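Taken in sequence, the protein lines are chains U, P and Z. Residues in the first sequence are numbered consecutively from 1, following my numbering. Residues in the second sequence are numbered consecutively from 1001, following my numbering. Residues in the third sequence are numbered consecutively from 2001, following my numbering.
Note that these hints are calculated values from the structure, not bench results. Hints should not be assumed to be uniformly reliable.
[What the hints assert, rightly or not] Simulated crosslink set (SDA-like; lysine to any residue; CA at most 20 Å straight-line):
| # | chain 1 | residue 1 | chain 2 | residue 2 |
| --- | --- | --- | --- | --- |
| 1 | U | K271 | Z | D2222 |
| 2 | U | K323 | U | G79 |
| 3 | U | K309 | Z | D2222 |
[What the hints assert, rightly or not] The following label-pair restraints were derived from C-beta to C-beta distances:
| # | chain 1 | residue 1 | chain 2 | residue 2 | range |
| --- | --- | --- | --- | --- | --- |
| 4 | P | D1207 | Z | I2012 | 40 to 50 Å |
| 5 | P | L1150 | U | E150 | 30 to 40 Å |
| 6 | U | D413 | P | T1068 | 33 to 43 Å |
| 7 | P | F1080 | Z | R2008 | 17 to 27 Å |
This one's a predicted model, so the numbers in the text were calculated from it and none came from an experiment. Even for Gly, the Cβ is constructed at its ideal location relative to N, Cα and C.
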Amino acid sequence: MKSLLAGILGAISLAALASTASAETSLTIATVNNGDMIRMQGLTEDFTKNNPDIKLEWVTLEENVLREKVTTDIATKGGQFDVLTIGTYEVPIWGKKGWLVPLTQVDDPADLLPAIAGGLTVDGKLMASPFYGESSMVMYRTDLVEAAGEKMPDAPTWADIKRIADKITNKDKEIYGVCLRGKAGWGENMAFLTATSNSFGARWFDENWKPQFDQKEWKDTLDFYLELMKADGPPGASSNGFNENLALFNAGKCGMWIDATVAASFVTNPKDSKVADKVGFALAPDNGLGKRGNWLWAWSLAIPAGTQKEDAAQKFINWATSKHYTELVAGKEGWANVPPGTRTSLYANPEYAKVPFAKMTLDSINSADPTKPTVKPVPYVGVQFVAIPEFAGIATTVGQIFSAALAGEKTADEALAEAQDVTTREMTKAGYIK
Amino acid sequence: MATQQTRSIGRIAVAPSVIALFLWMIVPLAMTIWFSFLRYNLLDPNPACSLMTPGALMDAANRCMAGTTNYYYFLTDPAFFKAMRNSLLLVFWVLVISVAGGTLLALLLDQAIYGRNLVRLMVIAPFFVMPTVSALVWKNMMMHPVQGFLAWITKSMGLGAIDWFAHYPMTAIVIMVSWQWLPFATLIILTALQSFDEEQKEAAQMDGTPPFSFFWYMIVPHLARPVTVVILIETIFLLNVFAEIYVSGSGGRAGNLPFLVYQYGLISNDIGGASAGGIIAVILANIVAFFLMRMIGKNLEA
Amino acid sequence: MARAVPIRRKLIFTALAWGLGFVIFFPVLWTVLTSFKTEGEAVSIPPTFLFFDWTLENYAVVQERSDYVKFAMNSVYLALGSTLLALLIAIPAAWAMAFAPGKRTKDLLMWMLSTKMMPPVGALIPLYLIFRDLKLLDSHIGIILVLMLLNLPIIIWMLYTYFKEIPGEILEASRMDGASIGKELIYVLAPMAIPGIASTILLNIILAWNESFWTLTLTTKDAAPLTQFIASYSSPEGLFWAKLSAASTMAIAPILVLGWFAQKQLVRGLTFGAVK
């Protein structure tokens, strides 16, 4: 018993010692556990062979946990990370606070897609380099649409979607016309609903930061969404997020799915999808008001201010978001697996044009403008979010309210009234509304 | 029975634990109370109100003091009463299920049965699973109305599928959490049962005591203490259930107090508000513990 | 010795116990089965049980992608370290409270339990700041201390309960026989308390193993245990059920093995006959 204890304490101190001794620079990289990042980890050898004095240590976590850890660490200057993977929501906020180091060694910054680079630039300086970008689009079952006697236009309207969904839905056979996000969360159902509301002419706040849930446009949005899901959505929709809908679509249960463009590579992969060869793509729907219902997001690499290893971090970010990296992935795993949505040169590449969803993805990304996301003017930037720190909290609560409405716990009008109350309360508390 | 000598040795024996726990309790508690009176948001554009430099906080204290606003906002939050109610409901139901179920299972496992070791391991297994994983498994693989196992069973019987998380989120959470804690109760009660004097059991059998009286008059008092311990320990853990609610995304309707504190702290980044919420949760827990001790505390020292 | 149990009664109870055990164990079994399916198969409707294409690819991916051994060893250090460290000060404390109780013992016990009342989220920033300043972030010793303090009240409570089961007369008898307190602890108390101590150790190792809030918050890479390993497989953008099941199976496996071996300790009842 005693020797066991001594052995354990000994081992612990040995491990502690071992971790402090190292002659090379070691970079701690915080990243999300999405497929493209995992792929990047598998390719680190390409980086380390050209930079033998830099060691890469990966901390891979799911998105919510990662965001909390990184936010806590950077706000308290804990110094645990040297490179961060953050999104287009955090970059403007953190950049303004001076928490990020401007990037100096990015490979050909002019090549970055303007819509995305714009979201990552603060005061004219690029604060983060995009690793992959996404928008949203319609993915549909070519066979089911055909069987319903319909044809999906490249740029459908919401009316088209409803009509086609109604025809496809066959609840006895467990085929549902459209699968949409319903799970509560600012990045889950609210991302989808906010982007959709843009296409209905709605906005979160007017120029005086007054919440707009009591306006006609939001009522139209929510009414349409609830009716569509009631008629043509799958059961359990109120707890379905991206992954749940992906599972449904791959199992052949959905006629259409409107979600992130990155899903395209999953639904067309014959290994995971039962319907891989029957998928078509279309732009996110609109109502003819000038804005489509798609969103814009980019996971980007940034350097926290206060890191001791800035130079190594800059080198790493250069490698990870460079054209060379794209070619590396294409060589090893094919063009369909290249991180999408960051560079104009990628889309000009004829090899990449052969990938079935490449063009639709590019068109979707280009049609989203975070600096002017809505039909009516707004005091904020962000297509499917509002780039203020308070948004995450407010949208989480509103997301819960709307998810409850989807579950049938309240009517659309009740939900909108509640959302209006909650948002007004929080914005007053935060000082936006005087 | 305890002599003077044993009593003073007793005090020394308890001292290290008491000191360690005291430090562990007092330092974070003091800081949390301090924060609860500050206007402190992690993303606050006003650097003086965040703790970037140790000195800055002290001299900026007046600018950052929030008085009782954090408490006010937390208590008047429309989600507060529901969260508190859910906290108490969750504790109550999981206690009932795990103690009743645990006792029955322990009695069963105490009997002579074939392959007892294996069955015991199967019954204890749920406690080994990480709460986040168990939440994901229950939500998507068991309870999902389209692809879940339970749905498959009910559909095969022609009963349609229940959308647990849409219509009965609290029930779903109670089921998940009870499943995780049933083994804990079972294990403690079983170990206590096995310390029950064999001779007394034999004597009762030879006297021809009917099984139910035997259970009621002999076993139950013997179990009083372990069951009390199970109730008190589980209450403390259950008041702080978080992972299951968070992972299953039912925080909106089945959210309890810790979840609300989490929303304030890590989603809205309002550390002042979260600290106030934490203090309120501690007060609530103390009230619950006080009443519990009044009701069953005497069993501890019987 | 006990009378022979009639076979019929034994069979009925066996059936009942196995039935209930299976129902309770089912979700765990399901997770293990899913770990052998492909991702597409894992979410198939209707769900498949045993007749699917069994594959080891998930385990291969998990092995390749993460350093399971590092995470597992960290979990072992943290769980064992914190439990044993806690036992060192808990056993004397529980002994004192069980056999030399004062007026305040019950209050003391309740106070100890009350240190666990704060929702961890509420104390996140204070503790993070303390760890930052003491340079304990991502260190083994830091987390061991935290886990020890988290579980100390539970350990003391459980030991107290088991010690209380032991009749005081036996200890008195040994004292009257001239044994010192030390000898009393080691030769008389310990053997009778073994099942209790064993189940306390087992339960607390599990609690430490599965503690996901502080282990995720206060560690980054060096001290990261299996909870972080699991968090890296959970809910990415894309199907992940089969891989998560494989990761979970790998995370539970050590504990299941431990539980199996610890059972022998739990089975031994107290043998009062021998002592009397």
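Restraint check for K271/U with D2222/Z, where alpha carbons must lie at most 20 Å apart: Violated, at roughly 35 Å.
Status of the given 40 to 50 Å range, CB of I2012/Z versus CB of D1207/P: violated (24 Å)
Restraint check for K309/U with D2222/Z, where alpha carbons must lie at most 20 Å apart: It holds: about 18 Å lies between the C-alpha atoms, which stays within 20 Å.
33 to 43 Å as the expected CB spacing between T1068/P and D413/U, which holds or is violated: holds (35 Å)
Given pair status - G79/U, K323/U, alpha carbons within 20 Å: Violated, because 30 Å separates the two Cα atoms, which is more than 20 Å.
Whether the CB-CB distance between L1150/P and E150/U falls inside 30 to 40 Å: holds (35 Å)
Distance restraint evaluation - F1080/P, R2008/Z, Cβ atoms, bounds 17 to 27 Å: Between F1080/P and R2008/Z, where Cβ atoms are some 57 Å apart, the hint is violated.
Of the numbered hints stated above, those contradicted by the structure are hints 1, 2, 4 and 7, listed in ascending order.
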